[in-house]
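Student: Chain by chain, the residues run as shown.
2 protein chains.
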Amino acid sequence: MIKLSIIGSGNVAQHLIQAFSKTAEVELVQVFCRRPESIAHLVAIDKTTSDYGKLQPVAVTIISVTDGAISEVSNNIPFKNQLVVHTSGSLSIDALNAKNRKGVFYPLQTFTKSKEVDFKEIPICLEAKNDEDAQTLAILANAISNSVAIISSEQRKALHVAAVFVSNFTNHLYQLGHDICVENKIAFDILKPLIQETAAKILTLSPRDAQTGPAKRNDTQTINTHLNFLSDDNQKEIYKILTKSIIDNGKKL
Amino acid sequence: MIKLSIIGSGNVAQHLIQAFSKTAEVELVQVFCRRPESIAHLVAIDKTTSDYGKLQPVAVTIISVTDGAISEVSNNIPFKNQLVVHTSGSLSIDALNAKNRKGVFYPLQTFTKSKEVDFKEIPICLEAKNDEDAQTLAILANAISNSVAIISSEQRKALHVAAVFVSNFTNHLYQLGHDICVENKIAFDILKPLIQETAAKILTLSPRDAQTGPAKRNDTQTINTHLNFLSDDNQKEIYKILTKSIIDNGKKL
Numbered sequence: 275m276i277k278l279s280i281i282g283s284g285n286v287a288q289h290l291i292q293a294f295s296k297t298a299e300v301e302l303v304q305v306f307c308r309r310p311e312s313i314a315h316l317v318a319i320d321k322t323t324s325d326y327g328k329l330q331p332v333a334v335t336i337i338s339v340t341d342g343a344i345s346e347v348s349n350n351i352p353f354k355n356q357l358v359v360h361t362s363g364s365l366s367i368d369a370l371n372a373k374n375r376k377g378v379f380y381p382l383q384t385f386t387k388s389k390e391v392d393f394k395e396i397p398i399c400l401e402a403k404n405d406e407d408a409q410t411l412a413i414l415a416n417a418i419s420n421s422v423a424i425i426s427s428e429q430r431k432a433l434h435v436a437a438v439f440v441s442n443f444t445n446h447l448y449q450l451g452h453d454i455c456v457e458n459k460i461a462f463d464i465l466k467p468l469i470q471e472t473a474a475k476i477l478t479l480s481p482r483d484a485q486t487g488p489a490k491r492n493d494t495q496t497i498n499t500h501l502n503f504l505s506d507d508n509q510k511e512i513y514k515i516l517t518k519s520i521i522d523n524g525k526k527l
Numbered sequence: 275m276i277k278l279s280i281i282g283s284g285n286v287a288q289h290l291i292q293a294f295s296k297t298a299e300v301e302l303v304q305v306f307c308r309r310p311e312s313i314a315h316l317v318a319i320d321k322t323t324s325d326y327g328k329l330q331p332v333a334v335t336i337i338s339v340t341d342g343a344i345s346e347v348s349n350n351i352p353f354k355n356q357l358v359v360h361t362s363g364s365l366s367i368d369a370l371n372a373k374n375r376k377g378v379f380y381p382l383q384t385f386t387k388s389k390e391v392d393f394k395e396i397p398i399c400l401e402a403k404n405d406e407d408a409q410t411l412a413i414l415a416n417a418i419s420n421s422v423a424i425i426s427s428e429q430r431k432a433l434h435v436a437a438v439f440v441s442n443f444t445n446h447l448y449q450l451g452h453d454i455c456v457e458n459k460i461a462f463d464i465l466k467p468l469i470q471e472t473a474a475k476i477l478t479l480s481p482r483d484a485q486t487g488p489a490k491r492n493d494t495q496t497i498n499t500h501l502n503f504l505s506d507d508n509q510k511e512i513y514k515i516l517t518k519s520i521i522d523n524g525k526k527l
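Residue numbers (our numbering), protein chains in the order written: chain D, 275 to 527; chain F, 275 to 527.
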């Protein structure tokens, strides 16, 4: 059984605590967070601490805090020569203090506290400085997920940018569609089957083959009708730049 | 049993032919298309015609062709005083020739020829000039879908613009994510669970509550890391404008 501690109590940390609590291969030894009461529903209070001095050396310590705090948190860890990993998509493995062995344990998913996720389907991107640590992380990852990959810091940075496009930006397009519905007294619900099908198509078609719509058809008349319809400058600007990008993309081989 | 004819052989027309062929409430009388052999796999050849003169008056004729051709096709219909509808999201009901009674039958979905869809889940937006025609269209729509709504031409235009945002533009963001993966030798498959979860979240959370990512957190450091990482001007421009839009949106109440 791998002894594990988690530092943090944000979205990712809470989902990891829940996922690891359900596995037999991993023993969750400690959770560090500033306000232990905020995770009292997830972990026994005697396993929590808000005092770095009380953190015990374990096989793996996962730091799951905001990117800006990772370096400092890794400095504050009181022990040495253990495996300490972060969960950031964009930070290099070397953001971690060198007094411990470094690694990355990056679950590629969008986490919201109020919505449970099935960790089995979440790709976990691992990085370590030696094979033994990579194997330890792989055991940990396989305990909660069916999809585990070794990804370098540079590739992970690319993946994180790609994830922003397909998830954060996509959700914002849902927001803009939502706003247009509200402005025109239409229930947003009517768009939900379209949103689901657009995502489902990508499981069997390449994005290029799945592309539809006026920009794909270079249908200038509809595009102009839409631009005339939009009164919000921000919506109009986004409509223009994405339409142009689809048209330009269609010209590539 | 409602007698129905369909004019057209594109994505939407083919999906409608398939859906209506499976229902007991509707009799598909004729399909008009220029090259009947192109839909020989969907409908018996003796039910097809490429000669407007042979089109018979039926309870409902659905014109499912590109927006630019709808007016002309409706002019070419040889009979009068029947119910003739189009399937366009963006065109007014009055794009149709007034010699027949006008209507709209707009299925709000993204159709790709190679991918079957479950019509039961597709919202169908109806418009007619009188209650009787609206009722006829409702029977037709309910024969293939569980989600039927009366939507005016003006609302339908708004809905079509919103659909472009949440579907066409979203798929293009998948394309950009795909391109970033390919450029960095990462399998696009690793992003698919994230894409599915992003769409699934919208079923239970508002887009505002579902928003995550560096722009939502106003995490300037990560945003700059991403902008420095992106070398493609188009990707960079889209990253900037959508990030700004998320940040500005977060400032609204």
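The set of hints was computed from the structure by calculation and includes no laboratory data.
Please note that the accuracy of each hint is not assured.
It does not matter which identical chain is used: a pair holds within one copy or between any two.
Quick list of in silico lysine-lysine cross-link-like pairs, PhoX-like style, CA-CA up to 20 Å [as the list claims (entries may be wrong)]:
no., residue 1, residue 2
1, LYS354, LYS328
2, LYS490, LYS389
3, LYS394, LYS328
4, LYS490, LYS387
5, LYS389, LYS328
6, LYS490, LYS277
Student: It remains to establish, for every hint, whether it holds in the given structure.
Tutor: Hints, verified against the model:
1. LYS354 / LYS328: within (14 Å within a copy, 86 Å between copies)
2. LYS490 / LYS389: The answer is between: 18 Å across copies meets 20 Å, while 35 Å in one copy does not.
3. LYS394 / LYS328: neither (32 Å within a copy, 58 Å between copies)
4. LYS490 / LYS387: Answer is between: at 15 Å across copies they meet the 20 Å cutoff, but 37 Å inside does not.
5. LYS389 / LYS328: neither (32 Å within a copy, 57 Å between copies)
6. LYS490 / LYS277: Neither, since 53 Å and 34 Å both go past 20 Å.
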